[in-house]
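S.K.: Start from chain A and add chain B according to the hints.
There are 2 protein chains.
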Amino acid sequence: MHSDVPPHASAVTIALPAWAESAVDWERRYDSDEDKMRVAIALSRINVEQETGGPFGAAIFASETGRLVSIGVNSVVRLNSSTLHAEVVALMLAEQQLASFSLAAPGLSPHELVTSCEPCAMCLGATLWSGVKRLVCGATRSDATRLGFDEGPVFKASYEYLAHAGIEIAREVCRAEARAALELYRSRAGPIYNP
Amino acid sequence: MHSDVPPHASAVTIALPAWAESAVDWERRYDSDEDKMRVAIALSRINVEQETGGPFGAAIFASETGRLVSIGVNSVVRLNSSTLHAEVVALMLAEQQLASFSLAAPGLSPHELVTSCEPCAMCLGATLWSGVKRLVCGATRSDATRLGFDEGPVFKASYEYLAHAGIEIAREVCRAEARAALELYRSRAGPIYNP
Numbered sequence: 000m001h002s003d004v005p006p007h008a009s010a011v012t013i014a015l016p017a018w019a020e021s022a023v024d025w026e027r028r029y030d031s032d033e034d035k036m037r038v039a040i041a042l043s044r045i046n047v048e049q050e051t052g053g054p055f056g057a058a059i060f061a062s063e064t065g066r067l068v069s070i071g072v073n074s075v076v077r078l079n080s081s082t083l084h085a086e087v088v089a090l091m092l093a094e095q096q097l098a099s100f101s102l103a104a105p106g107l108s109p110h111e112l113v114t115s116c117e118p119c120a121m122c123l124g125a126t127l128w129s130g131v132k133r134l135v136c137g138a139t140r141s142d143a144t145r146l147g148f149d150e151g152p153v154f155k156a157s158y159e160y161l162a163h164a165g166i167e168i169a170r171e172v173c174r175a176e177a178r179a180a181l182e183l184y185r186s187r188a189g190p191i192y193n194p
Numbered sequence: 000m001h002s003d004v005p006p007h008a009s010a011v012t013i014a015l016p017a018w019a020e021s022a023v024d025w026e027r028r029y030d031s032d033e034d035k036m037r038v039a040i041a042l043s044r045i046n047v048e049q050e051t052g053g054p055f056g057a058a059i060f061a062s063e064t065g066r067l068v069s070i071g072v073n074s075v076v077r078l079n080s081s082t083l084h085a086e087v088v089a090l091m092l093a094e095q096q097l098a099s100f101s102l103a104a105p106g107l108s109p110h111e112l113v114t115s116c117e118p119c120a121m122c123l124g125a126t127l128w129s130g131v132k133r134l135v136c137g138a139t140r141s142d143a144t145r146l147g148f149d150e151g152p153v154f155k156a157s158y159e160y161l162a163h164a165g166i167e168i169a170r171e172v173c174r175a176e177a178r179a180a181l182e183l184y185r186s187r188a189g190p191i192y193n194p
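One line per chain: the protein sequences are A and B, in this order.
Under numbering that gives the first Met the number 0, the first residue of the first sequence is numbered 0, with each subsequent residue one higher.
Under numbering that gives the first Met the number 0, the first residue of the second sequence is numbered 0, with each subsequent residue one higher.
The hints are simulated quantities; they were obtained by calculation from the structure and are not laboratory data.
Treat the hints with care, since some could be wrong.
Identical copies carry no separate label here, and so any pair may be met within one copy or between two of them.
SDA-like cross-link-like pairs, simulated, lysine to any residue; straight-line CA separation at most 20 Å [said to hold, decoys possible]: (1) Lys132 - Thr144; (2) Lys132 - Arg28; (3) Lys155 - Ile45; (4) Lys132 - Tyr192.
Bound-form chain A, shown alone:
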């Protein structure tokens, strides 16, 4: 009777691209913001080179130990999912790894989100809900919008909201290196999925 009704999806699996896990050093200690940012930037660049997504990478670190907890790369086109920006992927994997919906849960040491480009409106909200205590950004909103990517409704007051919630924010860390991955994407004419 209802043969025209398609089956509906009831689950979705989010996985990193095959190259990602071996692209980073899980065992070293990352001390400086620059050390950490270069992980995010490397992920953004390889994501372009491997044609597995947009020019954005992110990573979660445990602040006290400098250990890498999770990584993320933009996976919108690869996984057909508009919400899978690098930051969201990294946060999901960190929370899965720690079996906690908050990276600030009792018993956990502080965590930080390091992203190769300033977060869009969605990812800025996700940052707030994740419980990270620091947000470290590489390229700027203007670097991304110059490529044609939209960042959505992010305002000065949005960053103030996060700061007021106790999140320390560092911007323009290794900005030139981060921007180079964006430029690489442009030079290869990668798809702008949120024009």
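M.R.: Relative to chain A, chain B alone:
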């Protein structure tokens, strides 16, 4: 040498709670905003009753046919994932179902996101990236914050940004019914995971 290094998560699976798929009628045509909103509200209420998450439900509909494409319920605590608000779950499943990262891709008819409560900052951004043409909300931000939930950096300008991008927005649809699910959650002292 590195036995203290934990394994890292490389994938995460997001699934609806067991009750969800059979809680809605996938085969009927939903015509009015109220018809559609009652799906989202029912999901929010059952999510509380079944203790599978916060008091929030959402659904994606194809505007022209009135058909239900996907559903979502708040799954933050159940799946240990701070980004899994009802709207994000519904959008992920709709995009998976249609094998498209945009619900406005060529060849697709318009879609709308119906949510039992006005979206937080993250979900408002996700709405923008999803390609939905309409956003229909039940309970208001103030209804949610009265419970102790934070909605994040959402401003008047945030809604204007979405409107400017061509998204039609309807608010306070069946607000009293939507709010009742929030009140049910409060009366049962459900956890406020983003205080």
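S.K.: Hint by hint, note whether the structure agrees.
M.R.: Hint check:
For the homomeric pair Lys132 and Thr144, neither the shortest alpha-carbon distance inside one copy (27 Å) nor that between copies (22 Å) is at most 20 Å. Taking CA atoms no more than 20 Å apart as the test, Lys132 paired with Arg28 passes inside one copy only; the shortest distance there is 19 Å, against 46 Å between copies. Neither within a single protomer nor between protomers do Lys155 and Ile45 lie at most 20 Å apart by alpha-carbon distance, with minima of 31 Å and 38 Å respectively. Taking identical chains as interchangeable, the C-alpha atoms of Lys132 and Tyr192 lie at most 20 Å apart only when they sit on different chains, with a minimum of 16 Å there against 30 Å within one chain.
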